[in-house]
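As a plain string of letters, each chain reads:
Number of protein chains: 2
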Amino acid sequence: MNSAQKSIAEGILFTDQYQLTMAQLYYRAGLHEKPAQFDYFYRRNPDYGGHQAGYGVSAGLEWLLDWMQLARFRDEDLVYLRAHRDGNGNPIFHDDFLDWLSRYGNFDGITLRAVPEGRVVHPNVPLAVVQGPLAMAQILETSLLNHLNYQTLIATKAVRIREAGRGRPMLEFGLRRGPERGVNAGARAALIGGADFSSNVGISHVLGYPPKGTHAHSMIQAFMALGGGELGAFRAYADLYPNDCLLLVDTIDTLGSGVPNAITVFEELRRKGHQPAGIRLDSGDLAHLSILAARMMDEAGFTETSIVLSNELDEQTIWQILTQIEDEASMYGVDAAAVVGRLVYGVGTRLITSEGQPALDGVYKLVAIHEDGRWVPAMKISESPAKTLNPGNKRAWRIYDHRNKAQADLLCLEDEDPRQMAQITLHHPSENHKHRTLDAGEISAIEPLLVDVLVEGREVLDRPSIDDMRALRQADVAQLDAGVKRFVNPHIYHVSLSDKLWNLKQELIRSAREDSHHR
Amino acid sequence: MNSAQKSIAEGILFTDQYQLTMAQLYYRAGLHEKPAQFDYFYRRNPDYGGHQAGYGVSAGLEWLLDWMQLARFRDEDLVYLRAHRDGNGNPIFHDDFLDWLSRYGNFDGITLRAVPEGRVVHPNVPLAVVQGPLAMAQILETSLLNHLNYQTLIATKAVRIREAGRGRPMLEFGLRRGPERGVNAGARAALIGGADFSSNVGISHVLGYPPKGTHAHSMIQAFMALGGGELGAFRAYADLYPNDCLLLVDTIDTLGSGVPNAITVFEELRRKGHQPAGIRLDSGDLAHLSILAARMMDEAGFTETSIVLSNELDEQTIWQILTQIEDEASMYGVDAAAVVGRLVYGVGTRLITSEGQPALDGVYKLVAIHEDGRWVPAMKISESPAKTLNPGNKRAWRIYDHRNKAQADLLCLEDEDPRQMAQITLHHPSENHKHRTLDAGEISAIEPLLVDVLVEGREVLDRPSIDDMRALRQADVAQLDAGVKRFVNPHIYHVSLSDKLWNLKQELIRSAREDSHHR
Chain Y
1 MNSAQKSIAE GILFTDQYQL TMAQLYYRAG LHEKPAQFDY FYRRNPDYGG
51 HQAGYGVSAG LEWLLDWMQL ARFRDEDLVY LRAHRDGNGN PIFHDDFLDW
101 LSRYGNFDGI TLRAVPEGRV VHPNVPLAVV QGPLAMAQIL ETSLLNHLNY
151 QTLIATKAVR IREAGRGRPM LEFGLRRGPE RGVNAGARAA LIGGADFSSN
201 VGISHVLGYP PKGTHAHSMI QAFMALGGGE LGAFRAYADL YPNDCLLLVD
251 TIDTLGSGVP NAITVFEELR RKGHQPAGIR LDSGDLAHLS ILAARMMDEA
301 GFTETSIVLS NELDEQTIWQ ILTQIEDEAS MYGVDAAAVV GRLVYGVGTR
351 LITSEGQPAL DGVYKLVAIH EDGRWVPAMK ISESPAKTLN PGNKRAWRIY
401 DHRNKAQADL LCLEDEDPRQ MAQITLHHPS ENHKHRTLDA GEISAIEPLL
451 VDVLVEGREV LDRPSIDDMR ALRQADVAQL DAGVKRFVNP HIYHVSLSDK
501 LWNLKQELIR SAREDSHHR
Chain U
1 MNSAQKSIAE GILFTDQYQL TMAQLYYRAG LHEKPAQFDY FYRRNPDYGG
51 HQAGYGVSAG LEWLLDWMQL ARFRDEDLVY LRAHRDGNGN PIFHDDFLDW
101 LSRYGNFDGI TLRAVPEGRV VHPNVPLAVV QGPLAMAQIL ETSLLNHLNY
151 QTLIATKAVR IREAGRGRPM LEFGLRRGPE RGVNAGARAA LIGGADFSSN
201 VGISHVLGYP PKGTHAHSMI QAFMALGGGE LGAFRAYADL YPNDCLLLVD
251 TIDTLGSGVP NAITVFEELR RKGHQPAGIR LDSGDLAHLS ILAARMMDEA
301 GFTETSIVLS NELDEQTIWQ ILTQIEDEAS MYGVDAAAVV GRLVYGVGTR
351 LITSEGQPAL DGVYKLVAIH EDGRWVPAMK ISESPAKTLN PGNKRAWRIY
401 DHRNKAQADL LCLEDEDPRQ MAQITLHHPS ENHKHRTLDA GEISAIEPLL
451 VDVLVEGREV LDRPSIDDMR ALRQADVAQL DAGVKRFVNP HIYHVSLSDK
501 LWNLKQELIR SAREDSHHR
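Chains Y and U are the protein sequences, given in the same order.
Note that our numbering has the first sequence beginning at 1, numbered continuously upward.
Note that our numbering has the second sequence beginning at 1, numbered continuously upward.
Certain hints may be false.
Same chains, same names: a pair is fine if it fits in one copy or spans any two.
Said to hold, decoys possible - Taking lysine to aspartate or glutamate pairs in the DMTMM-like style, the calculated list, with each CA pair at most 25 Å apart, reads:
1) Lys6 / Asp462
2) Lys380 / Asp415
3) Lys272 / Asp239
4) Lys387 / Asp282
5) Lys6 / Asp66
6) Lys6 / Asp108
7) Lys387 / Glu514
8) Lys380 / Asp285
9) Lys6 / Asp196
10) Lys387 / Glu312
11) Lys6 / Glu76
12) Lys6 / Glu62
13) Lys6 / Asp75
14) Lys387 / Asp499
15) Lys380 / Asp253
16) Lys500 / Glu431
17) Lys485 / Glu326
18) Lys387 / Asp253
19) Lys380 / Glu312
20) Lys485 / Asp467
21) Lys434 / Glu383
Keep in mind that the hints were calculated from the coordinates and are not lab data.
Produce the entire structure from the sequences given, and follow the hints as far as they go.
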């Protein structure tokens with residue numbers, strides 16, 4: 001795409017055709033400026049095939065806001081829409097609607113509450129609540145889903161990999177096999193969810209983190225083809241980057257050539273007063289090779305050098321590698337904790353694609369329309385009770401118990417405040433028989449999850465830094481029960497409805513069923 | 001991101017940090033302008049878990065060319081690189097190298113041959129061959145992989161879904177759950193690989209196809225909340241879009257409410273002289289509902305209206321739906337072929353994410369360096385023989401048999417022309433005992449796969465349209481054996497080395513092993 005094409009493809013037309021045809025229908029029916037509320041939420045934590053997340057991490061909001069600020073129907077967009085033709089060759093979009101779009105086709109009327117980026121989130125709890133004129137709130141759907149679904153998906157994968165790595169540093173390497181321009185959003189989400197740094201130079205620059213990297217096999221190959229060999233390549237690298245000397249040791253033979261040559265070069269660096277950075281292992285049995293490479297470096301007196309692992313890493317492979325190191329290190333007279341303590345994870349494809357579950361099932365559902373001075377709840381029933389909407393203008397709260405662990409997320413109606421309740425009844429969103437009560441005395445804190453972000457298009461929240469988002473994530477993860485954090489078969493975190501919301505939902509289900517029977 | 005940030009993040013710095021540190025090393029070693037050749041190829045057809053592709057479809061080249069034309073080291077990029085610091089606080093990039101980048105840091109010296117977009121491709125056959133100054137050919141790696149891996153992945157998924165659908169129309173609906181901005185590239189690749197149209201308005205505009213869509217559940221819900229009901233919503237839609245009237249019928253009860261209401265509205269349209277377009281089914285048993293909805297529409301005299309299916313479709317679900325319709329239709333007195341003949345597939349998440357295999361394992365490997373007037377082959381041995389490089393400056397050919405079916409892709413050295421050979425020996429790339437010979441008489445045609453695209457940065461190939469690419473894809477798929485096209489456990493298409501290339505490879509493996517033993 002050239003830049004004019006990009007401006008079209010990434011502006012207000014970054015949406016689905018049906019949003020525009022529906023918006024015109026609302027316009028024709030006089031509903032286009034009626035205030036509507038849409039909730040954005042996802043229904044299931046990502047399931048990677050045999051292992052499912054116990055929680056998610058919210059991400060993507062800031063880039064959605066950036067998009068919303070710029071996206072509006074410009075002349076070039078309208079010229080294009082004016083040319084759309086239906087099956088009979090007649091214009092699909094009419095002049096009065098296009099004129100309205102040219103004047104009001106922006107997000108200046110949108111009010112948005114959202115869960116801040118970096119927070120731990122759960123299924124069925126709205127991560128974003130949009131209120132605004134029906135037509136523009138409808139047109140927003142596609143781009144909102146696009147921005148929030150992908151970054152939340154990747155931040156969720158990143159926190160899993162982070163947690164699997166027992167606190168050792170994690171680098172994001174996904175640019176080359178990730179989804180084209182989406183990799184920049186993915187790298188950002190990875191930095192929020194768990195990565196310390198990214199290899200992606202441009203996005204690191206934009207986000208204010210130094211990009212990280214080592215070198216590739218091709219550098220060794222080039223020196224080999226020209227007669228310099230692996231040792232020559234290592235020496236050239238060490239001469240140029242004496243304080244960042246991290247050497248890729250698996251081009252020829254990791255233990256037979258790569259590690260010994262790296263040690264030779266590290267010794268030369270040491271004599272010149274430099275501290276070598278470490279080695280990278282990119283193939284073979286990474287656990288076994290880590291142990292033996294660590295031993296070789298220990299014997300040469302390099303006990304501090306890092307061992308960077310890469311090659312299809314994810315939470316399961318890292319978990320397996322750490323388990324193997326713990327099982328196997330002592331056989332080689334090596335302290336397992338010391339080996340683990342020098343590991344760094346380079347995580348690429350499986351993070352940036354959320355391998356095993358490459359999409360979040362986030363949806364954006366109409367839950368209320370403002371009519372005669374009040375919010376009228378909107379309903380959608382599904383054959384699957386879990387998919388039946390939680391209707392109305394709601395608030396979301398997180399309840400902490402006396403251990404300061406998050407106990408449940410509670411959805412209430414707007415006029416309820418669980419902090420004022422002596423006893424809170426928690427209803428399962430769809431299963432009638434599942435409910436329980438909490439006395440105020442069992443609760444240490446209740447906090448609202450949604451914060452005001454936009455009020456009629458105006459940003460009212462100071463934008464947090466990525467470091468702020470990471471701090472939120474770390475704090476929230478620390479307040480999860482260990483069972484919820486299990487990588488495999490986690491304990492299910494409670495997401496509940498208040499009495500009042502539960503009753504409203506049942507009432508709307510009954511009335512929708514009756515409507516449908518009277519048809 | 002704002003637009004200044006986007007310009008940084010999507011320009012020349014859309015690369016990995018190590019490309020830049022390696023480039024500086026080549027500069028320091030005086031190798032930066034030495035001509036080098038890199039091959040881009042993938043090693044395995046995507047395996048979606050229990051079912052693997054038998055072939056791929058090439059895509060992404062044109063957008064790579066767009067990127068290469070604009071990407072160069074500008075002042076703002078160099079200011080940033082100048083600020084990078086190593087572990088001791090010293091600059092990582094030195095002034096002389098940055099000055100060189102400011103003058104020569106562009107792709108004007110790159111020569112590129114490639115397999116045209118839309119063509120059927122196979123593992124280990126280079127889809128792109130880059131020749132150019134080592135430093136810039138190295139820096140190109142990340143972006144080239146990013147552009148070609150993702151679009152080739154999606155075009156490959158699209159052709160599978162297309163082939164599963166027995167020629168019925170296919171719409172791309174992936175924008176909302178796809179990978180942020182990557183969805184535009186994904187929609188393009190889908191259109192090359194098999195989709196007829198996309199719901200994505202912006203990218204459809206850019207590529208010159210009309211965007212397609214119906215309406216959402218929210219439209220029905222809005223009318224229900226305001227007292228208009230499903231029938232009111234359908235009527236409003238039909239009034240506004242009488243020649244494109246496609247109604248989503250599963251909001252309340254597909255057969256009890258949606259289809260009868262749709263038929264009511266279709267009858268109204270017919271009386272006004274309009275031809276209704278059809279219905280969309282988005283939940284439930286799509287095969288069963290298609291049969292019964294078709295019967296209801298048949299009985300009302302609407303035998304031509306489409307049935308658009310959506311909801312997590314991919315090649316397996318479509319195949320299963322078609323099988324079930326064939327098994328089940330006659331029980332309801334409906335002709336299965338007539339039901340299938342009105343289907344349209346709306347394919348979203350599973351296409352845009354290549355569900356089951358969300359990344360192509362494409363690599364970019366140094367295969368030769370020009371030295372003393374000739375190309376010196378570069379080698380990389382792997383413990384896995386299948387990963388050992390096919391070295392040197394090569395050509396790729398496709399051989400057709402007398403049935404005009406593609407029989408094998410053959411890699412030769414640059415000075416070989418299989419069209420001149422009386423007998424061609426086909427060597428398996430890594431397994432010594434697997435080889436066979438073809439007599440010229442058994443062959444109907446031999447064609448080169450790689451075409452000249454860039455000669456020292458200048459585009460020498462007229463850019464084909466997406467329609468051209470689709471025509472290539474259709475012709476290539478038609479020339480595949482049925483066994484290679486199986487969705488599950490396909491017959492393995494032969495990719496072979498010529499005698500001369502096989503011998504060179506063995507010689508380089510021997511010599512690399514000896515080097516490593518003499519160390």
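Verification of the hints:
Taking the shortest alpha-carbon separations for lysine 6 and aspartate 462, only the inter-copy value of 21 Å comes in at or below 25 Å, while the best intra-copy value is 29 Å. In this assembly of identical chains, the alpha carbons of lysine 380 and aspartate 415 lie at most 25 Å apart only when taken from the same copy (22 Å versus 67 Å across copies). Within a single copy, lysine 272 and aspartate 239 get their C-alpha atoms as close as 10 Å, which meets the 25 Å cut-off; across copies the closest is 82 Å, which misses it. Taking CA atoms no more than 25 Å apart as the test, lysine 387 paired with aspartate 282 passes between copies only; the shortest distance there is 13 Å, against 44 Å inside one copy.
With identical chains, the CA atoms of lysine 6 and aspartate 66 are at most 25 Å apart both within one copy (16 Å) and between copies (11 Å). When the C-alpha separation of lysine 6 and aspartate 108 is checked against a cutoff of 25 Å, the pair qualifies both within a copy, at 23 Å, and between copies, at 23 Å. Taking CA atoms no more than 25 Å apart as the test, lysine 387 paired with glutamate 514 passes inside one copy only; the shortest distance there is 19 Å, against 64 Å between copies. In the homo-oligomer, the alpha carbons of lysine 380 and aspartate 285 lie at most 25 Å apart only across protomers (19 Å), although the nearest pairing inside one protomer, at 52 Å, exceeds that limit.
Taking identical chains as interchangeable, the C-alpha atoms of lysine 6 and aspartate 196 lie at most 25 Å apart only when they sit on different chains, with a minimum of 22 Å there against 31 Å within one chain. Proximity of lysine 387 to glutamate 312 under the C-alpha cut-off of 25 Å is restricted to the inter-copy arrangement: shortest distance 15 Å between copies versus 35 Å within a copy. For the homomeric pair lysine 6 and glutamate 76, the shortest alpha-carbon distances inside one copy (12 Å) and between copies (21 Å) are both at most 25 Å. For the identical chains of this complex, lysine 6 and glutamate 62 are neighbours both inside a copy (20 Å) and across copies (14 Å), given an alpha-carbon limit of 25 Å.
Proximity of lysine 6 and aspartate 75 under a CA criterion of 25 Å is satisfied in both settings, with 15 Å inside one chain copy and 23 Å between copies. Taking the closest pair of Cα atoms, lysine 387 and aspartate 499 come within 25 Å of each other only inside a single copy of the chain (19 Å); across copies the shortest separation is 61 Å, beyond that limit. Proximity of lysine 380 to aspartate 253 under the C-alpha cut-off of 25 Å is restricted to the inter-copy arrangement: shortest distance 11 Å between copies versus 61 Å within a copy. Proximity of lysine 500 to glutamate 431 under the C-alpha cut-off of 25 Å is restricted to the intra-copy arrangement: shortest distance 16 Å within a copy versus 70 Å between copies.
Taking the shortest Cα distances, lysine 485 and glutamate 326 sit within 25 Å of each other inside one copy (21 Å), while across copies they are farther apart (46 Å). With identical chains, the CA atoms of lysine 387 and aspartate 253 are at most 25 Å apart between copies only, with a shortest distance of 14 Å across copies and 54 Å within one. In this homomeric assembly, lysine 380 and glutamate 312 come within 25 Å of each other (Cα to Cα) only across copies, at 20 Å, whereas the closest approach inside a single copy is 41 Å. Taking identical chains as interchangeable, the C-alpha atoms of lysine 485 and aspartate 467 lie at most 25 Å apart only when both belong to the same chain, with a minimum of 22 Å there against 50 Å between chains.
Proximity of lysine 434 and glutamate 383 under a CA criterion of 25 Å is satisfied intra-copy only: 19 Å inside one chain copy versus 56 Å between copies.
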